[in-house]
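> Listed below, chain by chain, are the residues.
Protein chains: 4
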Amino acid sequence: MTLAQGLDRTDPRHTARLTIACADRKGIVAAVSQFLHHHGANIIHSDQHSTDPQGGQFFMRMEFHLDGLDLAKEQFERAFAQQVAEPFDMNWRVWYTAQPKRMGIMVSNYDHCFLDLLVRKRRGELDVEIPLVISNHATLCGDAEMFGVPFAQVSVTKDNKAEAEQEQARLFREAGVDFVVLARYMQILSGEMLRGLAVPVINIHHSFLPAFIGANPYRAAFQRGVKLVGATAHYVTEELDAGPIIEQDVARVNHRETPETLMRLGRDVERQVLARAVKAHLEDRVLVSGNKTVVF
Amino acid sequence: MTLAQGLDRTDPRHTARLTIACADRKGIVAAVSQFLHHHGANIIHSDQHSTDPQGGQFFMRMEFHLDGLDLAKEQFERAFAQQVAEPFDMNWRVWYTAQPKRMGIMVSNYDHCFLDLLVRKRRGELDVEIPLVISNHATLCGDAEMFGVPFAQVSVTKDNKAEAEQEQARLFREAGVDFVVLARYMQILSGEMLRGLAVPVINIHHSFLPAFIGANPYRAAFQRGVKLVGATAHYVTEELDAGPIIEQDVARVNHRETPETLMRLGRDVERQVLARAVKAHLEDRVLVSGNKTVVF
Amino acid sequence: MTLAQGLDRTDPRHTARLTIACADRKGIVAAVSQFLHHHGANIIHSDQHSTDPQGGQFFMRMEFHLDGLDLAKEQFERAFAQQVAEPFDMNWRVWYTAQPKRMGIMVSNYDHCFLDLLVRKRRGELDVEIPLVISNHATLCGDAEMFGVPFAQVSVTKDNKAEAEQEQARLFREAGVDFVVLARYMQILSGEMLRGLAVPVINIHHSFLPAFIGANPYRAAFQRGVKLVGATAHYVTEELDAGPIIEQDVARVNHRETPETLMRLGRDVERQVLARAVKAHLEDRVLVSGNKTVVF
Amino acid sequence: MTLAQGLDRTDPRHTARLTIACADRKGIVAAVSQFLHHHGANIIHSDQHSTDPQGGQFFMRMEFHLDGLDLAKEQFERAFAQQVAEPFDMNWRVWYTAQPKRMGIMVSNYDHCFLDLLVRKRRGELDVEIPLVISNHATLCGDAEMFGVPFAQVSVTKDNKAEAEQEQARLFREAGVDFVVLARYMQILSGEMLRGLAVPVINIHHSFLPAFIGANPYRAAFQRGVKLVGATAHYVTEELDAGPIIEQDVARVNHRETPETLMRLGRDVERQVLARAVKAHLEDRVLVSGNKTVVF
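Residue numbers (full-length UniProt numbering), protein chains in the order written: chain F, 1 to 296; chain W, 1 to 296; chain R, 1 to 296; chain V, 1 to 296.
The following block holds chain F by itself, in its conformation from the complex (with noise of 0.2 Å):
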């Protein structure tokens, strides 16, 4: 009996990643550990993090080889909650490297960000199925073909934002994804949208030391004279451009810049900094914390 259909666990290249959070009490590691000991799961690797030890939050990933397990997947998973997640009120999960994360990808204008994922993607750099990208515009949809990936361009104009939110979140959703990618998609997405996709929603926004806000934030950081540049990757939830954080870099500029080369050396960190992003939530690192992340 195999682990699932078409699914062979005895490919060394098939791994499982276990992902864990609850409140920390002791003897989790060792009820965790010794239920996959038990069923004869190759710890590979494993990570943990406690916010504290005293009444916090108990972070775990264990990612295990398939062949040596004496389960099929439905058993294993239903055993797992029995046995070990439902003592603990666990918030958990299982995810199979045979069945790679299918990743929605919303753009607009910029290029940057969605380029850079469709060729990490052909190099074989991020493991991912990419079945649909929405656009409310034309302009990506000759780069979409080049890479052989499916585009929708659905408008979105002040009067219809609502009706195309709800095109948009039915289009994905019947693709199948797993997470979307905001890859410079220049609309807000709404409270609803959020509620209507379900699945996690990662965004990139450049990022300054101050923070400059409203419409042409480059502008005024170029008026400010910053010497760094940044970039911002998160998890998108209704307050914008407030959600937990997964990764940030930034870039040296000096004083010749112009606004339009901090936009070019921001687009280069952006675009570094999401792919980072988009490859630690495609390996099951990033573990959300209330409003941070865990990231192993």
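Quick caveat, the hints were computed from the structure, so don't treat them as lab data.
A few of these clues could be false.
Since the list gives no way to pick one copy over another, a pair counts as held whenever it fits inside one copy or between any two copies.
Simulated pairs of lysine to any residue, SDA-like, Cα-Cα distance not exceeding 20 Å [said to hold, decoys possible]: (1) K26 / L69; (2) K121 / M146; (3) K101 / A280; (4) K279 / D268; (5) K73 / D143; (6) K158 / R264.
Please build the complex by placing chains W, R and V on the supplied structure of chain F, with the hints as guidance.
Then chains W, R and V, alone, in the frame of chain F:
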């Protein structure tokens, strides 16, 4: 005839630095370089920047050896003023490396920036004299003594702040400081104090992406789960932490940090950034352009 | 009268860049800036560097608008040669932004540097024309097509190397390239090939602290447990990987890496470093000084 | 009954760190975590790494509170040895934070790494005792005094090297040091000295891309025009500068540098890298794996 009393201009270590800011127009570089060439100055380094060749601001820094100069210091400066600076309406100054700048320091209880400056000065990394340190506490008096630096304590309370600031400004004026560094001085300088000092003041403060405001920014940064902590060195203006930025940098942090480790990592960035800003200021590399800096 | 056929010198986007290298002596900056000023050139940027004011080398880059110039291109260059360059025995050149440089590219099978250059060119980040890509394999032919770039395959074997190089050099000469970029081209260019090309050649290679030599440096770096992987972009000389360095950078790695993840992280550094080197070269910011570079 | 004489295990600041290295096989994590759980240890942090789940090496670091422990120190360690360590043939050790490690320091004339360690220790950033500093010169004796650290001068000449090393090893043994840091100690330790010390020795040295060997690497780096200077901290083995790397970093440099400014910038990297390596060692985060390190 010597360039200045006690200044031997044939000493190869002695150079002068001419800094210029003015409205941009054609012919500035030609006029300055011809003047220096005509009087035998041997240019070592030259930097120019124009914010916009049409109607922008022009900035220049020229460093030159004194040993070929055919004029004494006073004559040289008078001739430059008449022949070059006035026709172009320049804001200009000449600094002589034979006369190291005099740096006043203000500190409270944190020692990391303070000790870093003292050690770098002793090691010869900063070509500077430190005629006076003023603190509102006695904590760092022993450290000042260890490094042979005069230390004055001027307590500041809610009631005596205006008076205390007058005393501080008076002490710095008497000590003949060319600029003041706030090496984690935990009081805000009033506009009156800044005018009383009448010299540039450099401050260092922590910086985050996004920015956190209020009494305990490291705790706010911890609660938001930032992946970078940073520091910004800037010239002090009356508007708190909004003066021209000289230097910035960041350090990576992760989910394991506590507010305490964030502070510790932040301290390392703070002292590095402050040291670089002070060094750039000492070498006359920082020209202020409105609320921005040009750092050559 | 126009500066050159088809070149409208009143177009504000059109500037010229004058690069100069010569033995340092007094009066160079004055002579150059006076010449430009006299002929109505409006200087936008100016950089100088002297390796040693006594007996060293002097390097200069001046960028200026053409719209005030009182001479046509040929007259301007002839006058500069006679009045300035010859008296100072200068190695010099003027480049006009209206005539973008023509970049030849050599690739083998890795796509990361190649695609990065194509995407940046398309996005307008690199002001360059790409008249020809030559590969010893057919692998990247489709990518070249996607981006509308001419592609020629010239197979190289142990037996035909000299002949193949002659063919490659001939193709590049016919395509009129101003410089060639080895975007992970896995063959060593012979001295004869370099002389046959007669244009600058830029290479990118991985770099480690310490250095690892031989067939599989990422494996060697893995076995040594390095904490950084890096990349170096340099001009190619006959001595392998020992030409003047243009740009370098590193990325942090940890004990979890495999030789494969080291390579992947290394690729990201490689393409960033190569893109920065190519951009600096395109903007005439890189002046070669013996076996070093001055990068303005 | 207390865990150890003078050690109050109910003190929340007191934790223990268990480090383990052994051949990887199934069940290790389960065995260790169950043992700790059974004896009431409250795990705060736990890190594992396997070089290869089939036939590789396994590394583990567990930090736990002592206040729930049902055994005294000696009993606890004896039980662990019998029940867990021996069956799995583990190389293991328990460290108690209540007993800070004792660090010996060796210096010559450079003060930057030395002062950095002393200042960080005083500030509480490094939880360490410094029972002895040994130098082959008297230069830094005053600094040791300033910070209240015992200082011994042992001159080393070509003729007395073996004898001097014996004396140094004897002094360190008498001082009871747990490890030794070469804070820019300009002598090579012989294999005999390393065996005589019988504790880990950490060294810091400059690093470049590419590597430069010989008496004056900063001059060689200057002549090659490197764009980065770096530093590597590593454990000392008999093969010079080839021991397991703990930490590395770099700083950007440009064509303006002289050999002197390269050294100054290099010093800043050296002291940062050494401080991070020492901190990681103090917190038992560094496990040696052949000629590599695992840094948790």
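> Quick one: K26 to L69, C-alpha cut-off 20 Å, is that within a copy, between copies, both, or neither?
between (26 Å within a copy, 12 Å between copies)
> At 20 Å max between alpha carbons, let me know whether K158 reaches R264 within a copy, between copies, both or neither.
Cα proximity of K158 and R264: none, with 29 Å in one copy and 43 Å across.
> Check K121 against M146 for me: Cα-Cα at most 20 Å, and say if that holds within a copy, between copies, both or neither.
For K121 and M146, the Cα distance is within 20 Å both inside one copy (13 Å) and across copies (17 Å).
> Checking K73 and D143: alpha-carbon separation at most 20 Å within a copy, between copies, both or neither?
For K73 and D143, the Cα distance exceeds 20 Å both inside one copy (38 Å) and across copies (41 Å).
> If the cutoff is 20 Å on CA atoms, where do K101 and A280 land: within, between, both or neither? Let me know, please.
Within one copy only: 12 Å inside a chain, 36 Å across chains, cut-off 20 Å.
> Given a CA cutoff of 20 Å, do K279 and D268 count as a within-copy pair, a between-copy pair, both, or neither?
both (17 Å within a copy, 14 Å between copies)
Checked against the numbered hints given earlier, the structure breaks hints 5, 6 and satisfies all the rest.
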